[in-house]
Amino acid sequence: MADEPVWLGAGVSLRRRHLTEAFVCGDALDLVEIVADHYFAPAPQKNLELRALCERFTVIPHGLDLSLGSAEGLSAGYLERLATLVDAVRPPFWSEHVAFTQAGGRRIGHLAPVPYTYEALEAIVANVERATSRIQRPVILENIACPFDIPHAELSEAEFLLQLTERTGCGLLLDVANLYYNALNRGLDPLESLAAFPLHAVVQCHLAGGHRRDGEWIDSHAFPVPEDVWSLFEYVVERAPRLRAAIVERDENLPAFAELAHEAARARSIVERRRAA
Amino acid sequence: MSLAALQGALAELFVDPGARDRFARDPAAFAGARGLTRREREQLAALSAASVASYAATLVRKRRSEVAHLLPRTRAALGEAFDDAFARWAPHVVLREGAKRYAWDALAFSRSLLSDRSLPSGVRAAIRRDRADLRPAVHPVAALLRNVSALTRARVVSLDR
Numbered sequence: 001m002a003d004e005p006v007w008l009g010a011g012v013s014l015r016r017r018h019l020t021e022a023f024v025c026g027d028a029l030d031l032v033e034i035v036a037d038h039y040f041a042p043a044p045q046k047n048l049e050l051r052a053l054c055e056r057f058t059v060i061p062h063g064l065d066l067s068l069g070s071a072e073g074l075s076a077g078y079l080e081r082l083a084t085l086v087d088a089v090r091p092p093f094w095s096e097h098v099a100f101t102q103a104g105g106r107r108i109g110h111l112a113p114v115p116y117t118y119e120a121l122e123a124i125v126a127n128v129e130r131a132t133s134r135i136q137r138p139v140i141l142e143n144i145a146c147p148f149d150i151p152h153a154e155l156s157e158a159e160f161l162l163q164l165t166e167r168t169g170c171g172l173l174l175d176v177a178n179l180y181y182n183a184l185n186r187g188l189d190p191l192e193s194l195a196a197f198p199l200h201a202v203v204q205c206h207l208a209g210g211h212r213r214d215g216e217w218i219d220s221h222a223f224p225v226p227e228d229v230w231s232l233f234e235y236v237v238e239r240a241p242r243l244r245a246a247i248v249e250r251d252e253n254l255p256a257f258a259e260l261a262h263e264a265a266r267a268r269s270i271v272e273r274r275r276a277a
Numbered sequence: 001m002s003l004a005a006l007q008g009a010l011a012e013l014f015v016d017p018g019a020r021d022r023f024a025r026d027p028a029a030f031a032g033a034r035g036l037t038r039r040e041r042e043q044l045a046a047l048s049a050a051s052v053a054s055y056a057a058t059l060v061r062k063r064r065s066e067v068a069h070l071l072p073r074t075r076a077a078l079g080e081a082f083d084d085a086f087a088r089w090a091p092h093v094v095l096r097e098g099a100k101r102y103a104w105d106a107l108a109f110s111r112s113l114l115s116d117r118s119l120p121s122g123v124r125a126a127i128r129r130d131r132a133d134l135r136p137a138v139h140p141v142a143a144l145l146r147n148v149s150a151l152t153r154a155r156v157v158s159l160d161r
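Residue numbers (this note's numbering), protein chains in the order written: chain A, 1 to 277; chain B, 1 to 161.
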């Protein structure tokens with residue numbers, strides 16, 4: 001019988017400005033997520049910072065540029081840097097995106113959507129297998145925010161992710177805000193989108209707040225988690241038996257650390273309340 | 001290989017304003033002659049030009065946000081003009097590879113700002129101070145010089161005591 005997944009807790013995606021407060025007020029956090037790219041080939045002081053973080057918290061490395069969805073395969077250099085970091089941190093798992101960030105010699109600089117086709121599924125499965133053969137810790141895969149889909153898909157996003165988890169054995173990082181804003185931008189009911197999502201495979205959630213600009217919702221990580229996203233998170237918690245962690249993200253309009261810690265505490269209390277019921 | 005060609009065409013659309021113009025004028029022509037299957041040509045041609053333009057603008061905003069964090073004095077000195085200048089500059093400059101890509105981006109953008117001789121001296125000073133802080137992040141020799149300078153200052157303090 002498989003072991004019961006251990007709930008690791010709630011935390012924040014750590015930004016430099018909050019580093020000191022994270023150590024001083026660290027009791028408010030169970031874990032922290034770090035942007036993996038910020039700790040590649042670090043300067044000596046970054047090495048010390050990383051070591052201190054690992055001594056204080058459970059640290060989850062979050063990659064941005066592995067380009068798992070790329071038909072051209074993975075960058076050997078990026079994979080090696082990521083593997084070195086994961087080897088050093090020894091996290092319970094690490095995370096990346098269902099996206100591509102480069103193609104045809106062009107760097108996109110952000111996460112671009114893969115077409116939901118069987119050919120793209122084969123490409124990402126092969127890339128995940130290559131990554132996990134080098135990095136000996138489990139990876140979880142995140143749904144991205146994008147205001148459009150590549151037309152003429154053969155699968156829905158939910159079907160694509162379900163087959164991806166079945167083929168690779170990977171868990172999912174469900175970004176609840178990404179799902180919410182994607183649904184709004186497509187005129188869909190977010191709860192219906194969530195109900196179709198393979199929630200049984202969700203290992204971690206991201207929670208964030210975006211804003212509306214020129215008629216389009218943008219997952220800008222610039223505002224507190226909206227109540228609608230909290231409601232969706234409660235729905236997830238009831239239906240995701242493998243859920244192990246929840247991370248609050250904020251990249252813009254950084255508030256006082258206490259505000260983010262408060263949101264992390266709210267996520268933790270939702271999980272603990274539901275699991276006690 | 002044709003998925004790679006499709007992704008290459010998408011990447012071109014996302015980062016190249018000229019490609020977006022050609023696509024907006026004639027999506028079918030843009031999708032042709034790229035080694036795509038018929039289905040992929042249809043996928044590409046069926047993309048909304050407005051959605052692609054909106055996504056491309058999001059990419060520039062994301063890149064600008066990263067660069068603004070690295071050039072705080074420049075951002076404060078220029079205000080909203082910083083955003084306008086970056087929006088004009090970024091589409092013509094390819095983002096470099098690697099963990100320090102935004103630091104390189106910030107250095108290149110700030111260099112382009114300094115080429116404008118009409119900027120007030122206070123703004124130019126702010127840009128130079130940001131550049132001085134950034135250089136050690138990407139230039140090992142600059143980092144070495146900064147560390148030697150810090151050690152020298154520490155030694156002087158130590159001798160003074």
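Quick caveat, the hints were computed from the structure, so don't treat them as lab data.
Beta carbons: idealized from backbone N, C-alpha and C, even for Gly.
Wrong hints could be hidden among the right ones.
Taking beta-carbon pairs under 8 Å as the criterion, some of the chain A residues facing chain B (in silico) [said to hold, decoys possible]: (1) Ala41; (2) Ala83; (3) Ala103; (4) Gly109; (5) Glu119; (6) Ala123; (7) Cys146; (8) Pro151; (9) Thr168; (10) Phe223; (11) Glu249; (12) Glu252; (13) Arg274.
The calculated label-pair distances, taken between Cβ atoms and stated as ranges, are [unchecked claim]: (14) B:Asp133 with A:Arg51: 50 to 56 Å; (15) A:Thr84 with B:Arg96: 27 to 33 Å; (16) B:Thr152 with A:Val6: 46 to 52 Å.
Results for each hint:
The interface hint given for Ala41 (chain A) is met, as the beta carbon of that residue sits about 7 Å from the closest beta carbon of chain B, less than 8 Å. Checking Ala83 (chain A) against chain B by beta carbon gives a least distance of about 14 Å; that is not within 8 Å, so the hint is violated. Contact between Ala103 (chain A) and chain B, as hinted, is supported at the beta carbon level, the nearest pair being about 4 Å apart and thus within 8 Å. A cut of 8 Å between beta carbons decides the hint on Gly109 (chain A): the least distance to chain B is about 5 Å, and the hint holds.
Hint on Glu119 (chain A) holds. Least Cβ distance to chain B is approximately 5 Å, under the 8 Å limit. This hint holds: Ala123 (chain A) has a C-beta 6 Å from the nearest C-beta of chain B, less than the 8 Å allowed. At about 7 Å, the closest approach between the beta carbon of Cys146 (chain A) and any beta carbon in chain B falls short of 8 Å, and the interface hint on this residue holds. Using the Cβ-Cβ criterion of 8 Å, the hint placing Pro151 (chain A) at the interface with chain B is satisfied: the shortest such distance is roughly 4 Å.
With its C-beta approaching chain B no nearer than about 18 Å, Thr168 (chain A) sits outside the 8 Å limit, and its interface hint is violated. For the restraint placing Phe223 (chain A) at the interface with chain B, the shortest Cβ-Cβ distance is roughly 14 Å, beyond the 8 Å limit, so the hint is violated. With a least beta-carbon distance of about 14 Å to chain B, the hint placing Glu249 (chain A) at the interface is violated under the 8 Å criterion. Against a cut-off of 8 Å between C-beta atoms, the interface hint on Glu252 (chain A) holds, since the closest Cβ of chain B lies about 6 Å away.
At its closest, the beta carbon of Arg274 (chain A) sits 34 Å from a beta carbon of chain B; the interface hint therefore is violated under the 8 Å criterion. Against the hinted window of 50 to 56 Å, the Cβ-Cβ separation of Asp133 (chain B) and Arg51 (chain A) comes to about 24 Å, which falls outside the hint. Evaluation of the 27 to 33 Å hint for Thr84 (chain A) and Arg96 (chain B) yields a failure: the beta carbon distance comes to about 21 Å. For Thr152 (chain B) paired with Val6 (chain A), a C-beta distance near 51 Å keeps the hint of 46 to 52 Å intact.
Of the numbered hints given earlier, the model fails hints 2, 9, 10, 11, 13, 14, 15; all others are met.
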